[in-house]
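Participant: Now for the letters of each chain:
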Amino acid sequence: MNANAFMFLALYAAAAVLFALAPLAIAWLWARAFSPRKSGAVKNAIYECGLDAQPTGWVQFKSEYYLYGIIFLIFDVETIFLLPFAVACKGLPFAACLAMLIFLLLLVEGLAWAWAKGILAWK
Amino acid sequence: MNQELRDQLSRQGVLLTSVEELYNWGRKNSLWPLQFGLACCAIEMIAASMARFDMARFGAEVFRPSPRQADLLIVSGTVTKKMAPQVVRLYNQMPEPKYVIAMGACAICGGPFRDGYNVLRGIDLYLPVDVYIPGCPPRPEALLDGLIALQKKIAAQHLTGPERPRHLNADAPGEYPVPQFGDHDLVGPRLPAAQETSDAHS
Chain A
18 MNANAFMFLA LYAAAAVLFA LAPLAIAWLW ARAFSPRKSG AVKNAIYECG LDAQPTGWVQ
78 FKSEYYLYGI IFLIFDVETI FLLPFAVACK GLPFAACLAM LIFLLLLVEG LAWAWAKGIL
138 AWK
Chain B
12 MNQELRDQLS RQGVLLTSVE ELYNWGRKNS LWPLQFGLAC CAIEMIAASM ARFDMARFGA
72 EVFRPSPRQA DLLIVSGTVT KKMAPQVVRL YNQMPEPKYV IAMGACAICG GPFRDGYNVL
132 RGIDLYLPVD VYIPGCPPRP EALLDGLIAL QKKIAAQHLT GPERPRHLNA DAPGEYPVPQ
192 FGDHDLVGPR LPAAQETSDA HS
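Note that the protein sequences, when read in sequence, are chains A and B.
Residue numbering for the first sequence follows my numbering, beginning at 18 and increasing consecutively.
Residue numbering for the second sequence follows my numbering, beginning at 12 and increasing consecutively.
Because the hints were derived from the structure by calculation, they are not lab data.
There may be inaccurate statements among the hints.
Using C-beta positions, here's what the derived DEER-type ranges look like [as the list claims (entries may be wrong)]:
| hint | chain 1 | residue 1 | chain 2 | residue 2 | range |
| --- | --- | --- | --- | --- | --- |
| 1 | B | 123 | A | 77 | 29 to 39 angstroms |
| 2 | B | 70 | A | 73 | 37 to 47 angstroms |
| 3 | B | 43 | A | 73 | 46 to 56 angstroms |
| 4 | B | 192 | A | 74 | 20 to 30 angstroms |
| 5 | A | 74 | B | 65 | 36 to 46 angstroms |
| 6 | A | 45 | B | 72 | 19 to 29 angstroms |
| 7 | A | 45 | B | 65 | 29 to 39 angstroms |
| 8 | A | 21 | B | 28 | 37 to 47 angstroms |
| 9 | B | 192 | A | 139 | 43 to 53 angstroms |
| 10 | A | 88 | B | 37 | 58 to 68 angstroms |
| 11 | A | 74 | B | 51 | 30 to 40 angstroms |
Taking lysine to aspartate or glutamate pairs in the EDC-like style, the calculated list, with each CA pair at most 16 angstroms apart, reads [what the hints assert, rightly or not]:
| hint | chain 1 | residue 1 | chain 2 | residue 2 |
| --- | --- | --- | --- | --- |
| 12 | A | 60 | B | 107 |
| 13 | B | 163 | B | 18 |
| 14 | A | 55 | B | 182 |
| 15 | B | 92 | B | 194 |
| 16 | A | 55 | B | 186 |
| 17 | B | 93 | A | 69 |
| 18 | A | 55 | B | 196 |
| 19 | B | 164 | B | 141 |
| 20 | B | 93 | B | 194 |
| 21 | A | 60 | B | 82 |
| 22 | B | 93 | B | 196 |
| 23 | A | 55 | B | 82 |
| 24 | A | 60 | B | 186 |
| 25 | B | 92 | B | 126 |
Here the structure is a predicted model, which means the values were calculated and not measured.
For each residue, glycine too, the CB sits at the ideal point set by N, CA and C.
Isolated chain A, as found in the complex (with noise of 0.2 angstroms):
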């Protein structure tokens, strides 16, 4: 094949992207050319409802979700990786057998460690 099919299919391209932005440019230099800008606190307000925006989207979050984070990777992520590796466990070389462990090493370190901080109990 040739270069000069690609050459078409790079022309179309082009023209295809020149034909969506041309409208675009115009419109723009239009405006820009005729008319003024008109531009204040309520026409630039976040809300768009014509209600006023309120409390402030500056809040803070607690941080201790970070915790419901950890538990929900212990128990749910790790079926999800569980289960492939319990219907595949026979045919696995030793190596890919031990990083399985480690992975589950390290989520049983994360499970202790909820656990020792208090985590599980009902409050």
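Please build the complex by placing chain B on the supplied structure of chain A, with the hints as guidance.
Facilitator: Below, chain B without anything else, positioned relative to chain A:
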């Protein structure tokens, strides 16, 4: 340009126009109303946009749920004093050029609820209204008639001179003051022309 000559040419299949006419033709046929209903007039507005009355025939069927994408505010129904700041804020957030249709007796002057303590006596106290549609509520045909009246108004605008559309006029305000809740009533500046009529009536 001579209208007679243009008619003759158009019969021969030659269409002549000016930049102004082409520009206004595009503007008047692509009004995007804000999807915003206030009271029973809104039901008629919805009916006007649906298949039976089909506002799409006039290029105004694209009701936008965000003021950032709309250029026509149809004030359809009773504007309570609680709601008035929100209406003005929505208008302020619309891009230029923007138009206002006051639909129904309530939006024009308060209508049957005019003497209610909580009813605004016409949205034109705070916003520049282009077209008033009387009725209680106006039928969808009346809304279409109002829309066509607005289109005629847009088509007749000159792009230069003192009567030019507001988006080409640096002096036309982009935002109107949002009324605030006072102790007993809305406080804040009103539009001067409307204030006179309101005071005369009340």
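Participant: Each hint: holds or not?
Facilitator: Now for the hints, and whether the structure bears them out:
1. B:123 to A:77: 29 to 39 angstroms: Violated, at about 50 angstroms.
2. B:70 to A:73: 37 to 47 angstroms: holds, 40 angstroms
3. B:43 to A:73: 46 to 56 angstroms: Since the Cβ atoms of residue 43 of chain B and residue 73 of chain A sit about 31 angstroms apart, the hinted range of 46 to 56 angstroms is violated.
4. B:192 to A:74: 20 to 30 angstroms: Given a distance of about 24 angstroms, which is inside 20 to 30 angstroms, the answer is holds.
5. A:74 to B:65: 36 to 46 angstroms: holds, 42 angstroms
6. A:45 to B:72: 19 to 29 angstroms: Given about 27 angstroms between the Cβ atoms, the range holds.
7. A:45 to B:65: 29 to 39 angstroms: With a Cβ separation near 34 angstroms, residue 45 of chain A and residue 65 of chain B satisfy 29 to 39 angstroms, so the hint holds.
8. A:21 to B:28: 37 to 47 angstroms: holds, 42 angstroms
9. B:192 to A:139: 43 to 53 angstroms: holds, 47 angstroms
10. A:88 to B:37: 58 to 68 angstroms: holds, 59 angstroms
11. A:74 to B:51: 30 to 40 angstroms: holds, 36 angstroms
12. A:60 to B:107: holds, 11 angstroms
13. B:163 to B:18: Violated - the C-alpha atoms of residue 18 of chain B and residue 163 of chain B are around 20 angstroms apart, more than 16 angstroms.
14. A:55 to B:182: This hinted pair holds, its Cα atoms lying about 10 angstroms apart.
15. B:92 to B:194: holds, 12 angstroms
16. A:55 to B:186: Satisfied, since the Cα-Cα distance of roughly 8 angstroms is no more than 16 angstroms.
17. B:93 to A:69: holds, 14 angstroms
18. A:55 to B:196: violated, 30 angstroms
19. B:164 to B:141: The hint holds at about 9 angstroms.
20. B:93 to B:194: holds, 13 angstroms
21. A:60 to B:82: Between residue 60 of chain A and residue 82 of chain B the Cα gap is close to 13 angstroms, so the pair holds against 16 angstroms.
22. B:93 to B:196: holds, 10 angstroms
23. A:55 to B:82: Holds, at about 14 angstroms.
24. A:60 to B:186: holds, 7 angstroms
25. B:92 to B:126: Between residue 92 of chain B and residue 126 of chain B the Cα gap is close to 12 angstroms, so the pair holds against 16 angstroms.
Violated hints for the displayed structure, listed by number in ascending order: 1, 3, 13, 18.
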